[in-house]
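Under my numbering, read the sequence shown as residues 112 to 225, first letter to last.
There may be inaccurate statements among the hints.
Unchecked claim - Label pairs and their computed distance ranges (CB to CB):
{"hint": "1", "residue 1": "Asp186", "residue 2": "Gln128", "range": "39 to 47 angstroms"}
{"hint": "2", "residue 1": "Val163", "residue 2": "Thr201", "range": "44 to 52 angstroms"}
{"hint": "3", "residue 1": "Ser206", "residue 2": "Leu124", "range": "27 to 35 angstroms"}
{"hint": "4", "residue 1": "Val163", "residue 2": "Ser122", "range": "41 to 49 angstroms"}
{"hint": "5", "residue 1": "Ser136", "residue 2": "Arg210", "range": "21 to 29 angstroms"}
{"hint": "6", "residue 1": "Ser136", "residue 2": "Ser206", "range": "17 to 25 angstroms"}
{"hint": "7", "residue 1": "Ala174", "residue 2": "Arg126", "range": "17 to 25 angstroms"}
{"hint": "8", "residue 1": "Pro134", "residue 2": "Ala174", "range": "49 to 57 angstroms"}
Keep in mind that the hints were calculated from the coordinates and are not lab data. The beta carbon of each residue, even a glycine, is placed where N, CA and C say it ideally should be.
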Amino acid sequence: MSNVTSSFESSLLVRDQQGEYRPASADEVLHAARRVLSHRVRRGCAFTSPQVVRDFLRLKLGALEHEVFAVILLDAQNRLIEYQEMFRGTVTQTSVYPREVVKEALSRNAAAAI
């Protein structure tokens, strides 16, 4: 694993405030990936495959230390209306109220929800 880490650290560089380049930390890489993904998947962008949904949710939920019930609301062409983290819980459980999920989907005129 140390070879992978050292290879990872030497291949990804960031520029610091003095203008010098240094190896990027894992947190910096994840932050940049989240920024890129949120720029790519904005309101109106289509979720065209399960892989796009998987990648989107991995970046949104992967680093959280607590359970979250999130909903992706889509229009009839599977374009993003809104991503919303509706319920939050502990590491082992989250309470979900289906009527609240349905109310949110209806209020946004969503044709589909993930």
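Outcome of range test on Cβ distance (Val163, Thr201; 44 to 52 angstroms): violated (29 angstroms)
Does the hinted range 27 to 35 angstroms hold for Ser206 and Leu124 at CB? violated (44 angstroms)
Holds or violated: 17 to 25 angstroms for the Cβ distance of Ala174 and Arg126? holds (23 angstroms)
Go ahead and decide if the range 17 to 25 angstroms is satisfied by the Cβ distance of Ser136 to Ser206. violated (35 angstroms)
Is it true that Val163 and Ser122 lie within 41 to 49 angstroms of each other by Cβ? violated (25 angstroms)
Evaluate the given range 39 to 47 angstroms for the C-beta pair formed by Asp186 and Gln128. holds (42 angstroms)
Hint says 21 to 29 angstroms; check whether the CB-CB distance for Ser136 and Arg210 agrees. At 43 angstroms between Cβs, range violated.
Given the hint of 49 to 57 angstroms, check if Pro134 and Ala174 actually sit that far apart at their C-beta atoms. With Cβ atoms ~20 angstroms apart, the hint is violated.
In the structure shown, a violation is registered for the earlier hints numbered 2, 3, 4, 5, 6, 8, in ascending order.
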